[in-house]
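Trainee: Each chain is listed here by its residues.
2 protein chains.
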Amino acid sequence: TAPDMISFAGGMPGNELFPIETIDRIYHSLTLKEKQVALQYGPTTGLPSLLESLSEYLKGKGLPVEKNRLIITTGALQAIHILAKVFIDPGDPVLVESPSFIGALSTFRSCQAELISVPLKEDGMDTEQLRRQIESDRPLPKLLYYTPNFHNPAGIIYSKRVKQEMVELLKGKDIPVIEDDVYSDLYFHEEDLPEMELLKATDPEGVDVCYTGSFSKILGPGLRLGWMLVPEEIYKRCELVKQSIDACSPSLSQVIADKFLRNGDIHHYTAAMRIEYKKRGEAMIEALEATLPSHVTFEKPRGGFYTWLQLPEGCDATEVLKAAIDQGTVFVTGKTFDPHGVRNDFMRVSFCNTDAETIQRGIPLVAEAIKKVQGG
Amino acid sequence: TAPDMISFAGGMPGNELFPIETIDRIYHSLTLKEKQVALQYGPTTGLPSLLESLSEYLKGKGLPVEKNRLIITTGALQAIHILAKVFIDPGDPVLVESPSFIGALSTFRSCQAELISVPLKEDGMDTEQLRRQIESDRPLPKLLYYTPNFHNPAGIIYSKRVKQEMVELLKGKDIPVIEDDVYSDLYFHEEDLPEMELLKATDPEGVDVCYTGSFSKILGPGLRLGWMLVPEEIYKRCELVKQSIDACSPSLSQVIADKFLRNGDIHHYTAAMRIEYKKRGEAMIEALEATLPSHVTFEKPRGGFYTWLQLPEGCDATEVLKAAIDQGTVFVTGKTFDPHGVRNDFMRVSFCNTDAETIQRGIPLVAEAIKKVQGG
Chain A
4 TAPDMISFAG GMPGNELFPI ETIDRIYHSL TLKEKQVALQ YGPTTGLPSL LESLSEYLKG
64 KGLPVEKNRL IITTGALQAI HILAKVFIDP GDPVLVESPS FIGALSTFRS CQAELISVPL
124 KEDGMDTEQL RRQIESDRPL PKLLYYTPNF HNPAGIIYSK RVKQEMVELL KGKDIPVIED
184 DVYSDLYFHE EDLPEMELLK ATDPEGVDVC YTGSFSKILG PGLRLGWMLV PEEIYKRCEL
244 VKQSIDACSP SLSQVIADKF LRNGDIHHYT AAMRIEYKKR GEAMIEALEA TLPSHVTFEK
304 PRGGFYTWLQ LPEGCDATEV LKAAIDQGTV FVTGKTFDPH GVRNDFMRVS FCNTDAETIQ
364 RGIPLVAEAI KKVQGG
Chain B
4 TAPDMISFAG GMPGNELFPI ETIDRIYHSL TLKEKQVALQ YGPTTGLPSL LESLSEYLKG
64 KGLPVEKNRL IITTGALQAI HILAKVFIDP GDPVLVESPS FIGALSTFRS CQAELISVPL
124 KEDGMDTEQL RRQIESDRPL PKLLYYTPNF HNPAGIIYSK RVKQEMVELL KGKDIPVIED
184 DVYSDLYFHE EDLPEMELLK ATDPEGVDVC YTGSFSKILG PGLRLGWMLV PEEIYKRCEL
244 VKQSIDACSP SLSQVIADKF LRNGDIHHYT AAMRIEYKKR GEAMIEALEA TLPSHVTFEK
304 PRGGFYTWLQ LPEGCDATEV LKAAIDQGTV FVTGKTFDPH GVRNDFMRVS FCNTDAETIQ
364 RGIPLVAEAI KKVQGG
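One line per chain: the protein sequences are A and B, in this order. Per the numbering used here: the first sequence = residues 4 to 379. Per the numbering used here: the second sequence = residues 4 to 379.
Among these hints, one or two may not hold up.
The list treats identical chains as interchangeable, and a pair is accepted whether it falls inside one copy or across any two copies.
Cut-off 30 Å, straight-line C-alpha distance, at most; resulting in silico cross-link-like pairs (BS3-like, lysine-lysine) [unchecked claim]:
1. K374 / K64
2. K64 / K338
3. K239 / K325
4. K281 / K36
5. K163 / K374
6. K282 / K36
7. K338 / K239
8. K70 / K281
9. K176 / K124
It should be emphasised that the hints constitute simulated quantities derived from the structure, not laboratory data. Please read these numbers as outputs of a predicted model, since none were measured by experiment.
Input sequences plus hints: build the corresponding full structure.
Mentor: Here it is as structure tokens:
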């Protein structure tokens, strides 16, 4: 991105939002022994102290940490990669949402999975399509990957009803679920929390739910720390895979993340981030409503990082992107998130990495670009 | 390991050897902007600043950084894992040394490679055996993995002659080489340096050499930072794989490692470590020579972390280990490092993680255990 481009493309927190003072305080509080631990190899599944503090944190989110096992991973993407290696052989079908998180798609592609896509609606995947895919003549999928809250790129929350229907369809079919939940702390409206209840929190009988999460959105992606919470038997297989891919996750990052949880810093920080991202999200909604042509539609984000604009049929997001760059702004085209890399009448416009004032300046440029392509 | 066990099992630096004061100084010197970079995602192949400083460092080791590309990885094991994913399909033969680094073996196994082993002699792999394996009726191996300097577990240095013979055998056969060089800064005798010249330094025509290395032995394994230096075409394939497995390596670790290189701290630290490990290695040699039964033989280590004891035929290292634990000491049995997991008349006794005084107390217990099993 050129320096004075307004970017709605990034999927990372803005640099100015990182809790640098807190990290400084944590670093200064470390004992010699803790610093030595930070520089040494740790256990493959994670430093015991972080496993303990993270368990407490996840327990606070209603997750069944006692009946499952936790592994610290080198980012949530590594958790998905490990699970893919455990469950997928070349050619195996895998169920994904359309659109879906590009990192997960590329991991499944690198395992040579056959991607079977289920379209998203405004409250989760289309369960009628899911039923058809499961009941088709092809071999049963080896895995279902989904992101329940503040979907990347679609921005939506799954309803309880859709999650319940997914469970009914998957029950007893030996199709484990990866529930990838990296945005759920970044809600704008506390009243959404009941609807956001995780599948893993209910640990439904007959479905193995592998819950994945990350410190990337609630502390800093540069630490490269994520986790998975999985049933015992899956844990053992994942531990072996992790041993062979990076031995253990960075100890220095783990020592810092542990303190961040133990000191309660995480609660203050996520509370502040909810306020800031809500401000940005609302600026985004306001600017879009004020400037978008009426035939471009979007779901108002209720948390997370993204808005997902649907263009009129036949309008190509790549053309809009070219026009937008001329206007001095960028976003990500829809086909990036299409499991089949084709459908391009959507665009992802993120508000995580741009402050409210810049959003107000930048969105009219995006709207202008759409109008240019529509008019042309 | 029980708290008062004397351990010769570990393959990591002793906690007391880490450059904590230097790391403190580096942390305090970081600007706000550098701390923000440390918490943010970085490019998949590594932070530009570290790529630059590491290039300089590797250039100082005679490596052809201009004609190749560098990737920062999450430990050297990840570099091996990425290369394995690039080159190996299930069932493909891979050439490894016997004995070999357990981490590499487990990575190749997780790719379902068929391990073809070539025995080690005192100055490198048995090139006559290598010739036979290459000329056999089986499909050509997809990869050769070897560790040139202060081999783990065998402790040896490859001679120039053996490396030259390997090149002659591999030339034009499309068998890329992973040259895994994580111990070469820890030499005891400067006069060994000419013999230690890397294959990658000569970049021989007709053989793609993929050089891998690590900060684990020259700064701290807890940072989880390694690298690969590879030809352009292999670089592109590796970048795609890394994108799908952890997006990027930890930025916080990279920012610190970059300063450690730029400030010249690495030169002072590795110089100090050479002195300390030499002291430990010599204490080990002295204690072994004073107490081992004469039918147990070993190559005197000239650097690195390990000594490798050959037991008399029929003597089983697992039996010795049991007796050693009774004496209050531990090491690692030979079959751990056998690509086929069988041969067990060797034992790895490391001196990296135990000071000279403890080595002098512990080695007689190891010798005692061997005598007990031999006598029994």
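Trainee: Quick one: which hint numbers does this structure break? Sort them smallest to largest.
Mentor: Of the numbered hints given earlier, those the structure breaks are 1, 2, 5 and 8, listed in rising order.
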